[in-house]
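**Student:** Take these sequences, add in the hints, and give me the full structure.
Chains E and R are the protein sequences, given in the same order. Heads up, our numbering is the position in the first sequence plus 15, with the first residue counted as 1. Heads up, our numbering is the position in the second sequence plus 28, with the first residue counted as 1.
FYI, nobody ran anything at the bench for these hints, they're computed from the structure. Worth double-checking, as some hints may not be accurate.
Facing chain E, a subset of chain R residues (Cβ under 8 Å, in silico) [what the hints assert, rightly or not]:
1) Asp122
2) Trp128
3) Leu137
4) Gly138
5) Thr141
6) Ser144
7) Leu202
8) Leu205
Quick list of simulated restraints, FRET-style, between CB atoms [claimed, not checked]:
9) E/Asn240 / R/Thr107: 25 to 31 Å
10) R/Ala146 / E/Leu267: 50 to 56 Å
11) R/Ile53 / E/Ser179: 23 to 29 Å
12) R/Ser173 / E/Val196: 49 to 55 Å
13) R/Ser209 / E/Leu267: 33 to 39 Å
14) E/Phe209 / R/Asp150: 39 to 45 Å
Glycine included, every Cβ here is placed at the ideal spot set by N, Cα and C.
The lines below spell out each chain.
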Amino acid sequence: MTDTITSPARRGLEAPAGLAKIWPAGLLASLVWAAASGITLALPDVIPWGSTELFAALTAAGALTLVTLAFTAEGLGRFGRAVKAAGPWLIALGIWFALWEFTTAKTGWLPKPFFSPPQGLLHVYVSDGARLGLCIAYTLRLWALGYFSGVIVGFLTGVGLGWSPRFSYWGMPLLKLIGPVPATAWIPVTFYFFPTTFDASIFIVALASGIPVAILTSAGVASVNRAYFDVARNLGASTLFLISRVAVPAALPHVFVGLFMGLYYSFAVMVVAEMLGAKYGLGWYIQFQTAYSAYANVYATLLIMAVLCAGLVKLLFVARNRLLRGQEGFL
Amino acid sequence: MADGSAFPPQGISLRIENLSHSYRIEGRALPVLENISLDLKPGEFVSLLGTSGCGKSTLLRLIAGLEPPLEGRIVAGETDVTAPDRSRILVFQDPTLFPWRTVRGNVALGLETDGSAAHRGDEIDAALRLVRLDAFAEAFPHQLSGGMAQRVALARALINHPPLLLLDEPLGKLDALTRLSMQSELLQLWRKVGFSAVLVTHDVEEALLLSDRVIVLSDRPARIVAELPVTLPHPRHRDDPHLVALRAKVLALLGADIPEAIA
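**Tutor:** As structure tokens, then:
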């Protein structure tokens, strides 16, 4: 008897089983993105910015994609799960676009030239894309030369400092002295020592990335479990073997912390390093545009730098996870 | 260094003459070993028994050559011990596997020091089979149980065919059941491979079950208090009356204050 009463009620609860396949956050995100697009199209700009229609079209495309995903994400496997995990962020992003658009372009509450609406940034990419592309290439070249030479020297120095008490006696005080000095403070000296300003820029970036790697590597090598060395010596290991196959692999988790810190520092000094007589580069572009109060260009460039840095961090994570594979329990 | 095939198939002798050693702690000398003399026949299994911290582990480190003794002499086979060598391998209480290497990579360590690992893959497989871990060759140490990790440490030592194996409480950290099965495994390995062995332990029963001779050491600084031959054939049983009698004798020598009812 109770069964006949409860089962329709339960069926009522289970009825939206078909609806359970819908991703509600995606639906909501789609709505806010559509609202951002609507605000952009429906209200007039206080002053013309260019690319307003393009921004409206892009947010509308985003809204359409999200509404499609809201009904299909369930069946998309890994990609679907990743999209669903990003749900709250997608909603926040839509709200951010709508508010940003409304307070800048549509009302002028946050005025030009200090603030720029999203279409202002978009217009920079549309109108000055070629030059920005060249700047990205120049910046990446400077970064790669500086970062890699810096971390190689920093790593070797760190191994020496961590391994040899004599090297550490002379080297450690120097490193402690140089370490806290901002890399950019060396600019006057580098001008004297380096033949070209480009070399000086590379040195500044190398210094900023190399010092944390040296410090962390030496700490890592110095803190390796002594018992590992006993085991290896007992099995016939030479000094070279002890360094390359015991000390360095054992210190690798520390080394990676240094590589991450060096990556952030290298980006922080890049803008300054590109002051030194550069003709292209994102740092140079930022300074050039700041001088003209073209803040939309500055923000657009900062966004590129942030994305580049995040991408390189991601790459470094992939490399770390591959090299330290199997050590989850140990890290 | 001799190559693997040059090792004799059986264990080597070990002669320790008037060995004394001390550590320097905060400027003061702390004597740990006092006038130890000991002879091992090739293939003999000897256990050193003593209370915690009496200096047993130091004695093994000196035999392994990881530290030079302050006084006295150690001769393994025909040669004086002055440095670590693959012919005398110490297995620690802690397996100390390298966490960044797979089981296979850990076992191969000794072969890598002379560059022979690349063409001796079969021997690595054989060593893994010897300790029944061939299925875990690609596992990482953190995925292993304590007993498995210690078996990897044994394989890492045995692949070098050491004629002398030094065991520093290798089963000390294992649970009681694993410990029992590892004791019989160790015994089987010894009888199969034929190495000489010095086992440091504070488990009286373990020493009596495994070894040909039990050496009882005093508190620090360690001196030899007694030597007791154990002539029972293998496999031995812990409730064999002869073994029980020996156990009571050893415990008395170690200074254990045991009520008669238990002893």
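**Student:** Does each hint fit the structure? Answer for all of them.
**Tutor:** These are the hints, each one checked on the structure:
1. Asp122: Where the cut-off is 8 Å and the nearest Cβ of chain E is about 7 Å from R/Asp122, the hint holds.
2. Trp128: 5 Å, holds
3. Leu137: 5 Å, holds
4. Gly138: With Cβ-Cβ at 4 Å, under 8 Å, it holds.
5. Thr141: 4 Å, holds
6. Ser144: 11 Å, violated
7. Leu202: With a closest approach of 18 Å, the R/Leu202 hint is violated.
8. Leu205: This hint is violated: R/Leu205 lies away from chain E, its Cβ roughly 23 Å from the closest one there, beyond 8 Å.
9. E/Asn240 / R/Thr107: 25 to 31 Å: Holds, at about 30 Å.
10. R/Ala146 / E/Leu267: 50 to 56 Å: Violated: the Cβ-Cβ distance is about 23 Å, outside 50 to 56 Å.
11. R/Ile53 / E/Ser179: 23 to 29 Å: 25 Å, holds
12. R/Ser173 / E/Val196: 49 to 55 Å: Check passed, 50 Å falls within 49 to 55 Å.
13. R/Ser209 / E/Leu267: 33 to 39 Å: Holds, since R/Ser209 and E/Leu267 (Cβ atoms, about 35 Å apart) stay within the stated range.
14. E/Phe209 / R/Asp150: 39 to 45 Å: With Cβ atoms ~56 Å apart, the hint is violated.
Of the numbered hints stated above, those contradicted by the structure are hints 6, 7, 8, 10 and 14, listed in ascending order.
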